[in-house]
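**Q** Once you have looked at the hints, place chain B on chain A.
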Amino acid sequence: MAEVLVVTSGKGGVGKTTSTAALGAALAQTGQSVCVVDFDVGLRNLDLVMGAERRVVYDLINVVQGDANLNQALIRDKRIDTLSLLPASQTRDKDALTAEGVERVINELKGRFDWIICDSPAGIERGAYFAMRHADLAVIVTNPEVSSVRDSDRIIGLLDSKTEKAERGETMEKLLLLTRYDPVRAERGDMLKVDDVLEILSIGLLGIIPESPEVLKASNLGSPVTLANPISAPARAYADAARRLRGETIQMTVPSDRKGFFGNLFGRRAAA
Amino acid sequence: MSVLRFFTRRSSAPAARERLQLLLAHERAVFGRTDLVALLQDEILAVIAKHVAIDPEKVRVKLDRQDTLATLEVDIEIRTPAAGALKLAG
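These protein sequence lines are chains A and B, in that order. With UniProt numbering applied, the first sequence closes on residue 272, and no number is skipped along the way. With UniProt numbering applied, the second sequence closes on residue 90, and no number is skipped along the way.
Isolated chain A (complex conformation) (with noise of 0.2 angstroms):
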């Protein structure tokens, strides 16, 4: 059964659609089929972090109007054959995307892989309410700095009202990804730790990825961090959140660099 998940956090720039491409594409390889699907129309970015800008033929637009099916507008990874993109168009008119064709565009992915991982644009407009409505499952992408907690805060509140889960009653299962996070700033007592985000939001834990300059080298490359170097510290804590969201129990560590001082110092169990 196809497992629907959205990758949202209300604030601009905390590690949205670097997280997706990296789940994503870790995910794959553990064998599972991937598709992740841009939402952020007008502003795609996934295709460039993902390294495909120039393959991108239709879009989410297009098989949502109906004007390409989506084998047209499907772009399998080259690197990991079970990993597939549906780019967001570059089309300024948000209200191109449909409830209904949403819906459709959805359900037909549901039926083709086993993960279908929504990149939600920034905000609470239209894109980010389509991106959420048809999740079973979300991961809020977060900074530990207050304006990204607040933010969260907020997401988490629609995530509650507005998707299909919350109005046939269910609950939506939320997981905290902490992304830019620095252990030893935190324990010096000069950012939030990881217990503070997760009493503040009272949601249960996905994973901690350390601030590291391999995100950025990564994204330079157009690669999931997981993919341009699996070895390194983000990559790892990536992985890590991967095999959980496959329903592994994985000691919650944070990866360092250095040599897993901190990931020593540092370990605890996942809440998921």
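Source of the hints: derived by calculation from the structure; they are not laboratory data. Remember, it's a predicted structure, so these values are computed and weren't measured experimentally. We put the beta carbon where it would ideally sit given N, CA and C, even for glycine. Hints may be right or wrong, so weigh each one.
[As the list claims (entries may be wrong)] Straight-line distance between alpha carbons at most 27 angstroms, and here's what the computed DSSO-like set of lysine-lysine pairs gives: (1) K11(A) with K62(B); (2) K193(A) with K217(A); (3) K62(B) with K193(A); (4) K50(B) with K62(B); (5) K193(A) with K11(A).
[As the list claims (entries may be wrong)] Some chain A residues near chain B, calculated using beta-carbon distances under 10 angstroms: (6) M1; (7) E3; (8) L74; (9) V149; (10) G157; (11) L201; (12) G204.
[What the hints assert, rightly or not] Derived contacts from chain A toward chain B, CB cut-off under 10 angstroms, selection only: (13) L48; (14) A52; (15) P144; (16) E145; (17) R150; (18) D153; (19) R154; (20) R185; (21) G189; (22) D190; (23) M191; (24) L192; (25) K193; (26) D196.
**A** Quick look at chain B alone, frame taken from chain A:
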């Protein structure tokens, strides 16, 4: 001086945590996230507001959860009659 400041330096994360907890308790009430603290804040306020004039800005509701017990801290500033009179006079 800088050495002294180094040792007495207050960390900033607890401030972030406290500010967020206060803000989100309020925002959840406004935006409708069903949350115990927000719900309590609304209902406690409604009861008190029936009898005394209170400034919603000067209300703090804080829920601290520990392993075995939780404490609910309600801090409400109420204008004294004297201050009210002063304000009226002003």
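**Q** Against the structure shown, which of the earlier numbered hints fail to hold, in ascending order?
**A** 6, 7, 8, 12, 13 and 14
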